[in-house]
Each structure stands twice: as structure tokens, then as C-alpha cells.
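Participant: Letter by letter, the chains look like this.
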Amino acid sequence: MTDATNSKAKNRPVYRNIHVTEIISYRLPPAGVVSILHRISGLLMFLLLPFIIWMFDTSVSSEISYESFTNAFVAGIGFVPAWFVKLTVLGLIWGYLHHFIAGVRHLWMDATHSVSKEQGHSSAVITLALSVLLTLLLGAKLFGLY
Amino acid sequence: MSTFGSKRIVVGAHYGLRDWLAQRVTAVLMALFTVVLLAQFLMPGELGYDRWAGIFSQQWMKVLTFVVIISLAYHAWVGVRDIWMDYVKSVALRLTLQVFTLVWLVGCAGWAIQVLWRL
Chain L
1 MTDATNSKAK NRPVYRNIHV TEIISYRLPP AGVVSILHRI SGLLMFLLLP FIIWMFDTSV
61 SSEISYESFT NAFVAGIGFV PAWFVKLTVL GLIWGYLHHF IAGVRHLWMD ATHSVSKEQG
121 HSSAVITLAL SVLLTLLLGA KLFGLY
Chain U
1 MSTFGSKRIV VGAHYGLRDW LAQRVTAVLM ALFTVVLLAQ FLMPGELGYD RWAGIFSQQW
61 MKVLTFVVII SLAYHAWVGV RDIWMDYVKS VALRLTLQVF TLVWLVGCAG WAIQVLWRL
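As they're listed, the protein sequences go chains L and U. Everything in the first sequence is counted per the working numbering, starting at 1 for the first residue and increasing by one. Everything in the second sequence is counted per the working numbering, starting at 1 for the first residue and increasing by one.
Chain L with its partners taken away, still in its complex shape (with noise of 0.2 Å):
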């Protein structure tokens, strides 16, 4: 609290109670982006649950369903053109990964209580970095760029 009281932090902007049109000029340390993207994956991959369940059921039931599966990333499922089915499955890998590499690095930092400005901060861009990497790979896969 004595960092607030001295003159040089009183210049400073104040943000309490961000309202939404703040949001732009509120500059996020790359934690809170991990942090906030970590609540927008999850919430994506939520609502896409019947989705994903529709693939498990259309991909193992049967041979048939399997066809229609592989299908779906030809042409489309019904008027929902493969494009978009791609596109929505690379928006549910990256949040899978950025999920599960912000997870990891919550249960790290759990672990080893490696909760230091510097720790938070770098470990934050290798989350971020790391998941976009990778997304980017898959992503090259699954439009058939090799």
C-alpha cells in the first residue's frame, strides 16, 4: 500500500469497476490476456459441446457415420459449408490448447508456487505463444496445406 501513497503513483489512471467501453484502453500484462482468454476458450468449447459430441458419435458408431464424418470436412454438414466446419474446429483447437496450456500452467504454479511478477509474466508468453504455434500447425493440417 505505500507504492499507492507516493507522488509517481498518483499520476497514474485509475480503473475500478472497468466499464466495457474502457476495455480498449485498459492495457492487460500478458496474464490477464491468458487469463481472460482462458474463461473465453472454455466458454467456446462449452457451447460447442454438442458439436464436439457430434463428432465422437458420427466418427466411432459405424462405418457409415464415419463416412458422413470425414464428410462434413469435404462438404459440409447440410447447409453449413466444410469451410466453416474447419474454421470452427480450428476456433475448438486452439481453445483446447490454450485451455490446456493455461491449465498446466495454473496447476505449475500451484505446485512449485512460482508466483513471482517475472515467473507470471514469461510463463504467460510461452502459454501464449506455445498455443498459437501450435494451432497454427494443426491448422495447416486440417485446411491440407501439407
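No lab work stands behind these hints: they were computed from the structure. Treat each hint with caution, since some may be false.
Said to hold, decoys possible - Some, not all, of what chain U presents toward chain L, calculated at C-beta under 10 Å:
{"#": "1", "residue": "V28"}
{"#": "2", "residue": "D50"}
{"#": "3", "residue": "A112"}
Heads up, the beta-carbon is just placed ideally off N, CA and C, and yes, glycines get one too.
Start from chain L and add chain U according to the hints.
Facilitator: Here is chain U on its own, set in the frame of chain L:
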């Protein structure tokens, strides 16, 4: 810690601890499942319907997948409920969203288990 009678503890701080711990335990289970599935997925050989369905038709894999489905439902319940509690201030809307979350998760878990158990 008494949960009944005149000495019962009326403040529920340990409910938070229980959920916090449950979220981590379920996360570890799902992470292990991911590694186990990935290991089988990356085994040599052509990956067609037979091998893919074969992975899930082993009894031990069925049991593990079943545990993971339940874990996922509990994990997502804690997480999504936290989101509603943090951002939705209207009690009526929050309750509605929480009920929706429960119905959604129980429904999805039921569907996933049905798919798994008829394999």
C-alpha cells in the same frame, strides 16, 4: 466441521475450496486422458474407422472416457458458473443461465455416454 445442529458452520467458505480442488483434480484427469488418447492416435498404422473406433471399444478406455465425461461436466460446471457469477448481476438472469448450464451439461454428458456405451 458440523453441517447440522446448533454448532453447524453457517458460512460456506469450504465450498469454494472443494470446487477449487475438484476443478484441478478433474483437469489432471482430462490432461492424462489427452496424453493417453494422443499416444494411441499416433501409433503407427493407417488411421481409418476400424482403428479409431477400436481405441474406444477397449473396456479400460471406455471406463477412462466415462470418468473423463463426468469430470468434464463437473469442471465445466464450476468454470461456467464462475463466469455467470462474475459478470451477470441480475439474480433472475444468473439463475436462468445456471439452470441452462446444468441442463446443457447433463444433456451433453448423457449423449456422450450413450455413444460410448453402445460401442
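Participant: None of the hints should be skipped; say for each whether it holds.
Facilitator: Here is what the structure says about each hint:
1. V28: Holds, because the Cβ-Cβ distance from V28 (chain U) to chain L comes to roughly 7 Å (cut-off 10 Å).
2. D50: holds, 8 Å
3. A112: holds, 5 Å
Of the numbered hints stated above, none is contradicted by the structure.
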